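*Asks:* Let chain A serve as the given structure and place chain B on it in line with the hints.
Number of protein chains: 2
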Amino acid sequence: MTETVLSSPAKEVVIGFDRPFVVIGERINPTGRKKLAAEIAAGNYSTVERDAADQVAAGAHVLDVNAGVPTADEAKMMTEMVQRVQRLVDVPLCIDSAMVPALEAGLAAYDGKALINSVTGEQESLESVLPLAKKYGAAVVAICNDESGISEDPAVRFAVARKIKQRALDHGLPAADVVVDPLVMPVGAVGNAGRSVLSLVRRVREELELNTICGASNVSFGLPDRQGLNAAFLAMLIGAGLTSAIVNPLHARVMTGITGAEVLAGLDNRCKRWMKRCRAQQQTRAA
Amino acid sequence: MTETVLSSPAKEVVIGFDRPFVVIGERINPTGRKKLAAEIAAGNYSTVERDAADQVAAGAHVLDVNAGVPTADEAKMMTEMVQRVQRLVDVPLCIDSAMVPALEAGLAAYDGKALINSVTGEQESLESVLPLAKKYGAAVVAICNDESGISEDPAVRFAVARKIKQRALDHGLPAADVVVDPLVMPVGAVGNAGRSVLSLVRRVREELELNTICGASNVSFGLPDRQGLNAAFLAMLIGAGLTSAIVNPLHARVMTGITGAEVLAGLDNRCKRWMKRCRAQQQTRAA
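Chains as they are written, first to last, in my numbering: chain A, 29 to 315; chain B, 29 to 315.
The following block holds chain A by itself, in its conformation from the complex (with noise of 0.2 Å):
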């Protein structure tokens, strides 16, 4: 039974395998935002504020921070930017940067146990993720690819997920600390995407025993109806065992998508949580 742990000052939430999926809150992020990111070249985090109250509000567990805006300092933004967030709401944060002294900077503002976002398999990522995650007591998403790329054959992303597993032991991380992102490639373009991510999902869960956590709104890219794509996949991701993912919250069918998801594979008791969402939207509704 692999528990990952996340902790704020307040909340403690767990990936687990007979747990409630966790959902994590994608919009604090300035990439492809163009007005965030000048909001908050000019420190003004109005926006991001804004996007932590109201993704928890629609049901995230755990909130992405990513302060990747190109030719600003992100080390310093990040700090700002997790001290703020961690004012406001009380979930626990994932730590989100391509860059190792933008991760160590919001790893330090953070009082709790974060998630960082993320380590792959190219040697110099490992070098430098994994001996942060250990330093800070973090969890850390794994991405399967390596210094050869992003593969399309899922048995080659699972051998790069394996081998991190490996690694972060050796650096003496648990095994439940690591999670499994099996990279999400748009269906438009790769026509396996989604069945390559469905068999790496329960694969890893299966015969790696880790947690895993996909950014799957990555599969619709390009395509009509993204909300539609994208709850689909997520319930069948659950049906797969995936334990976690990134989404944007406030998309309310993806939310449904999961929800009823979770009925189903077993994880609402009694259907609790299913009926509690149906009652709000009707609240919402008749307001």
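Worth flagging that the hints you see were computed from the coordinates, not collected in a lab.
Mixed in with the good hints, there may be bad ones.
Listed next, the stretches of chain A that the computed footprint assigns to chain B, with coverage defined by at least 3 CB atoms under 8 Å from CB atoms of chain B [claimed, not checked]:
| hint | stretch |
| --- | --- |
| 1 | 240 to 254 |
| 2 | 257 to 267 |
| 3 | 284 to 297 |
| 4 | 302 to 309 |
In this text, all values refer to a predicted model and were calculated from it rather than measured experimentally.
All residues carry an ideal CB built from backbone N, CA and C; glycine is no exception.
*Replies:* The following block gives chain B in isolation, referenced to the frame of chain A:
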């Protein structure tokens, strides 16, 4: 590569492992529809005909026809309904009755290769329905219960499916003409109902190498927002390898869940059906 071929004079529909998912329209069934039952008993088939046309327009590949009106001559009505539906639409039919004489009347009236709904693992059912399938060259839905009832243990239901497959072979039917229905119980009453069916679908496909079918909507009985749950469940089932289902194709969210899951299971070449569905929905909204 298991393929179950159904046909009408104009169309062939193949249920198969790497084929588009087959949607069987459930509407032509007086069970629980008092008004429809009264119409049929009075010899009025206007609703039956409208249901036939509407379901095909909404994307059904096959139509289920059930004439089960209590106290009426079911065999006579089945004959009438099969003939009328077949004059109106060109998709193959699924002849659905708990009464063997009604099944035989429907098969005799039908022009093409039908699907019989259904045989169970009970001795009496096996000995009466399998010879009919052989005589009329029909495929048959194999429901996973027997004299001992419906087991909550998926291993018991799997054993029933294996038994029906063997008995069908003994009667000279090809294995591919047995389509297994794992039996869906309401998840509100049986907490592991969804999970059981997911594991059964996978095992029937991998170990028995048979196609599968589900009356999926039963899973949400008694719960709010049934379409939302059914859509999530069908996506999960398609992810687990389900190849056909009996559903209401007029439920747009359920059909979106199915079509989306096909994209992600790699069953929608170049996402063509998904894009066609999105365009059609845009036109409906614009009209």
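*Asks:* Next step is simple, just say for each hint if it's right about the structure.
*Replies:* Structure-based check of all given hints:
1. 240 to 254: Answer holds; 4 residues pass the 8 Å Cβ test.
2. 257 to 267: holds (count 9)
3. 284 to 297: Holds: 9 residues of the stretch 284 to 297 of chain A have a Cβ under 8 Å from chain B.
4. 302 to 309: Since three or more residues must qualify, the claim that chain B covers the stretch 302 to 309 of chain A holds, with 5 doing so at under 8 Å.
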